[in-house]
Amino acid sequence: MEDAYTPVELMVTAAAREIADEEVVFVGMRIPLLGFLLAKHTHAPHAVGVYELGVVRDTPAPSSILTMGDLPNLSGASWLANTDDTMGLLQRGLVDVSFIGGAQVDRFGNLNTSYIGGWRSPGTRLPGSGGACDLACLAKRHIIVMVHERRRFKKRVDYMTSPGYGEGPGWRAQAGLPRGGPSAVITTLGIFRFDEDSCEMVLASVHPGVSVETVRSQTGWPLKVAPHLLQTPVPTEAELAVIRRFDPEGYWTGSKKESIPFVEEARSRKKKNIP
Amino acid sequence: MEDAYTPVELMVTAAAREIADEEVVFVGMRIPLLGFLLAKHTHAPHAVGVYELGVVRDTPAPSSILTMGDLPNLSGASWLANTDDTMGLLQRGLVDVSFIGGAQVDRFGNLNTSYIGGWRSPGTRLPGSGGACDLACLAKRHIIVMVHERRRFKKRVDYMTSPGYGEGPGWRAQAGLPRGGPSAVITTLGIFRFDEDSCEMVLASVHPGVSVETVRSQTGWPLKVAPHLLQTPVPTEAELAVIRRFDPEGYWTGSKKESIPFVEEARSRKKKNIP
Amino acid sequence: MSPSKLVSLSEAVSRWVPDGAAVAMGCAFEALIPFAAGHEMIRQEKKRLTLIGPISDILFDQLVGAGCVSRIQAAWVGNVITGSAYPFRRAVEEGRLKVEDHSNLTLAMALKAGAMGLSFMPARTALGSDLFQTNPGLKTLTCPFTGQTLTAVSAICPDVAVVHVQRADALGNSHMWGNLGVTREACLASRHVLMTAEEIVDSEVLLSDPNRVVVPGFRVSAVVHAPWGAHPSPVPGYYNRDHEAFLDYQKQSRTPRGFDRWKEKWVDPVGKGYRYPELLGKDRMEALMIQHRRPSVPVDYGY
Amino acid sequence: MSPSKLVSLSEAVSRWVPDGAAVAMGCAFEALIPFAAGHEMIRQEKKRLTLIGPISDILFDQLVGAGCVSRIQAAWVGNVITGSAYPFRRAVEEGRLKVEDHSNLTLAMALKAGAMGLSFMPARTALGSDLFQTNPGLKTLTCPFTGQTLTAVSAICPDVAVVHVQRADALGNSHMWGNLGVTREACLASRHVLMTAEEIVDSEVLLSDPNRVVVPGFRVSAVVHAPWGAHPSPVPGYYNRDHEAFLDYQKQSRTPRGFDRWKEKWVDPVGKGYRYPELLGKDRMEALMIQHRRPSVPVDYGY
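Residue numbers (the numbering used here), protein chains in the order written: chain A, 149 to 423; chain B, 149 to 423; chain C, 429 to 731; chain D, 429 to 731.
In case anyone wonders, no lab produced these hints; they're calculated from the structure. Ideal Cβ placement from N, Cα and C applies to all residues, glycine included. Check the hints yourself; a few may be wrong.
[Stated by the list, open to error] Just a few of them, taken from the derived set where beta-carbon distance is under 7 angstroms, the chain C residues facing chain A:
hint, residue
1, A543
2, M544
3, G545
4, L635
5, P638
6, V641
7, P644
8, F646
9, P726
10, Y729
11, Y731
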């Protein structure tokens with residue numbers, strides 16, 4: 149038998165565990181979408197999912213979905229409405245937790261999904277914010293999901309698409325943001341939390357088989373480690389069964405490599421038309 | 149044979165004639181509601197009706213209606229939506245003409261439907277603006293429909309619920325209003341227009357049997373009269389037939405007296421439950 | 429399954445409309461006015477309520493007449509087919525009631541701001557009017573892009589929005605149709621939503637058409653089965669407007685004593701078992717029911 | 429009767445999308461993206477367009493690749509299930525394309541401001557972010573009531589909103605269902621609305637359910653019958669998302685030459701007679717069609 153689970157399945161499981169029952173979750177694409185579905189089927193059956201395209205649903209989609217706009221995600225939804233309706237819930241402070249991904253993150257949890265190399269003359273243009281900036285500004289807390297590489301974990305992001313703690317303590321309130329901030333970063337190597345006083349990202353849990361040294365070597369600033377470092381729990385069989393029910397072809401979770409489709413980059417995976 | 153038409157029928161006809169074909173009309177209650185229905189059935193078949201409760205319709209209601217919220221006015225409407233949708237059309241400058249009523253009007257066409265005797269210690273509290281203030285501020289032009297009495301036609305209104313030309317030329321732009329102003333006042337005695345230079349109300353047409361002297365005596369400021377004073381044309385038989393089809397019991401138009409239900413006051417009419 | 433939110437009218441009003449609450453009602457303008465819930469507030473002798481709504485078509489007047497109200501934030505208070513309403517007039521003229529004067533658009537914007545989690549919304553209406561004199565929630569503002577003068581409308585976030593809908597399930601999912609006025613904004617702006625419904629139906633009916641849902645079920649605190657709960661206002665799909673009731677009320681409420689007689693007849697006898705339809709009588713209900721059906725052509729939400 | 433607005437796709441695009449126009453598209457996010465109309469703009473070799481939309485899921489990328497676009501006002505441009513889109517990247521990195529960076533909420537507010545006839549709308553998002561560096565339509569503002577810092581989002585009023593709907597009549601009445609995103613705002617904010625529809629139906633179907641109408645017919649300038657006109661994006665009630673097409677496009681558009689080959693296959697052959705469904709083929713269409721029907725329970729608009 150090969151690996152019992154893929155790296156992405158571990159991350160999906162970690163994402164799901166950040167959701168408490170009855171929470172209102174603003175669900176992003178890809179890993180968070182699966183993480184939300186997993187949470188709904190395990191410990192958080194009363195969680196409510198909110199999607200930026202104007203969807204609220206509190207039951208799982210009746211069939212596997214590849215994107216939040218797939219028709220099974222609309223069928224039997226609790227509410228089909230407009231972007232300003234679901235964004236209104238968010239801005240009004242009714243969303244407990246949201247998930248976003250990024251191409252670059254820094255020690256204060258600021259994210260860049262827009263311009264690598266600065267916006268005046270970008271080396272690489274990425275797709276942009278989508279709803280990420282809104283989710284980072286307005287949810288009660290948000291969770292970042294990323295590939296962990298040194299070029300992505302920078303002391304300072306090239307462009308701040310989605311604010312974390314900005315330049316540190318007090319920055320968000322000073323900017324006018326009403327609440328929130330990142331509560332965790334789930335990467336291909338570990339799980340990070342933020343120090344309450346310094347607002348700095350701290351390694352809280354390493355994934356099985358990953359050393360602290362490896363994490364440090366892939367991080368572009370002197371990384372702090374929590375006093376009681378944990379090891380990320382592996383997915384249970386029940387959890388894996390749910391994930392595979394919703395991603396039957398392994399489109400999102402199948403890769404054994406640490407390149408995840410979540411990241412905004414071209415991939416060279418076998419293409420399948422998932423029904 | 150008694151009178152061939154009632155005073156209110158004359159006013160409804162005059163209101164209808166202010167509507168051109170294909171215009172977008174923000175329809176108020178009572179006389180304007182009938183005026184719009186009359187116009188649709190005569191010279192303005194492509195006029196579109198917009199109602200503040202969130203209704204747009206371009207066909208007549210399938211049955212007689214007493215208020216804009218009566219179910220026949222919703223059945224087969226072109227659009228049932230929200231107040232901010234229809235008010236958005238208005239604020240965006242897409243409404244050609246609107247109709248409003250008032251308890252007091254002044255020489256610059258400002259209207260009061262809120263407080264008689266000043267708001268600090270009102271002698272009489274009236275119902276308030278409803279959509280009237282919005283219609284007066286935001287339609288390309290608006291038409292005022294009122295009972296003509298000296299206590300109502302004041303030099304200066306006690307409270308400006310719905311702006312006309314304010315204090316005269318340039319006032320609307322100065323206040324920040326994007327367009328519009330009253331284009332006519334239809335009363336129980338005549339029809340008034342506004343002088344382009346002075347923005348002052350001018351008598352343009354007297355109703356049959358009404359003298360200029362009568363109008364002057366019922367007006368609280370030195371009234372100007374147009375160089376070519378007209379006499380208000382009486383309703384045609386075809387027009388009367390349409391009015392009576394939509395107000396079969398004469399609820400709005402039946403009164404022979406000059407008290408009109410349009411005005412925000414208690415009336416002592418025979419009550420009927422119009423189906 | 430989530431727990432049922434289905435409760436009796438008296439329980440819902442007792443729990444979600446405390447004395448002093450700010451209550452949004454009548455948000456669909458002339459239709460779907462929650463008269464049943466409002467009358468229960470009268471029976472429970474609520475005090476110092478703030479009432480919020482665009483026009484209220486006699487419901488606000490009735491609550492004012494019963495002494496429940498100390499403040500109104502509205503564009504218009506009266507009786508749509510007759511004009512002024514007496515108890516409201518008396519209360520303002522005697523200085524017993526504070527009114528914040530809105531227009532329909534400024535009230536819609538105040539609730540929209542609340543719904544969107546904003547402290548204000550801009551508008552181009554009311555500029556130069558005296559509404560600024562009698563509404564502290566209106567100020568002028570300079571647009572940061574154009575330099576033009578605009579109206580800034582302060583947000584309104586009611587404690588509870590009381591809405592009447594056509595059909596709901598026990599979890600707070602519901603369908604509402606017809607003109608919606610400011611209902612959507614009021615529900616989203618409010619801390620709680622108290623929903624009365626003509627019919628309680630299976631969740632499947634509601635999930636069959638999610639675009640028809642005005643507010644997601646998780647935002648609803650209580651659901652009450654209240655057939656004829658919006659009478660005498662009209663309910664699309666259920667019954668027409670009862671003009672006679674509006675005219676009768678106008679006549680009876682001319683004096684405080686007449687108002688009391690109206691209340692004794694139409695409000696007081698309805699009890700915990702809620703038997704308003706019996707009070708209304710079969711003949712009257714039949715006369716108001718839908719005579720000409722016009723069903724919607726279905727759409728498909730399959731995959 | 430009003431005159432019919434039903435025209436051919438080529439006529440509609442020729443008349444309502446001139447070179448240099450500001451065009452809102454893809455306003456329902458992942459669904460109902462007007463690919464047929466966008467491809468017609470490519471065939472007509474439109475120049476210097478400004479494209480406006482929240483996310484565009486490859487349609488914007490295709491127009492950029494074809495050289496039609498000089499400016500984009502959007503929150504996200506790419507391929508939803510793969511990430512970045514190559515022609516867009518190339519155009520920005522080579523300095524050929526100007527981008528004004530929005531978030532989904534700021535874009536929604538920009539269109540909402542346009543729809544409401546306002547010069548701006550406030551928001552609480554984006555504060556402190558670098559979106560302010562790359563979008564001249566964002567400024568900070570102090571709330572006149574609370575003194576708090578807010579984002580002011582400048583209005584966007586497109587020349588034309590291009591929308592795909594499920595069913596429409598020749599007069600511009602239409603029904604749209606599913607998630608609507610910013611469609612309502614885009615239609616109301618735009619000077620003109622160009623509507624493509626899966627089906628042209630009798631007006632009675634549309635008037636049977638006026639709450640389902642997104643924009644009143646009098647605001648619509650042209651109606652085009654374009655079955656499969658949103659493929660490969662999904663259309664509730666008609667067909668599912670064609671994931672394969674998105675993946676194929678991603679692969680083919682990696683190089684400018686590959687993009688041209690994609691265009692030669694999928695865009696160029698469609699002509700004035702509009703035979704995209706033939707190009708797609710019966711098997712592929714059948715595989716995408718709705719398998720599990722879920723019809724809405726009707727409501728009644730009678731009286």
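Status of the hints after comparison with the structure:
The interface hint given for C/A543 holds, since its Cβ lies 5 angstroms from the closest Cβ of chain A, which is under the 7 angstroms cut-off. The beta carbon of C/M544 comes within 5 angstroms of a beta carbon in chain A, closer than 7 angstroms, and the hint placing it at the interface holds. At its closest, the beta carbon of C/G545 sits 3 angstroms from a beta carbon of chain A; the interface hint therefore holds under the 7 angstroms criterion. Taking 7 angstroms as the C-beta cut-off, the interface hint given for C/L635 holds, the closest approach to chain A being about 4 angstroms.
A distance limit of 7 angstroms between C-beta atoms decides the matter here; for C/P638 the minimum to chain A is near 4 angstroms, and the interface restraint holds. With 7 angstroms as the threshold, the beta carbon of C/V641 comes within range of chain A, its nearest partner Cβ sitting at about 5 angstroms, so the hint holds. Contact between C/P644 and chain A, as hinted, is supported at the beta carbon level, the nearest pair being about 4 angstroms apart and thus within 7 angstroms. At a threshold of 7 angstroms, the smallest CB-CB gap from C/F646 to chain A is about 5 angstroms, leaving the interface hint in force.
Hint status for C/P726 relative to chain A: violated, with the closest Cβ pair at about 14 angstroms, above 7 angstroms. Checking C/Y729 against chain A: minimum C-beta separation of about 5 angstroms stays under 7 angstroms; hint holds. The restraint placing C/Y731 at the interface with chain A holds, with a minimum CB-CB distance near 4 angstroms, inside the 7 angstroms limit.
In summary, the one numbered hint that this structure violates is 9.
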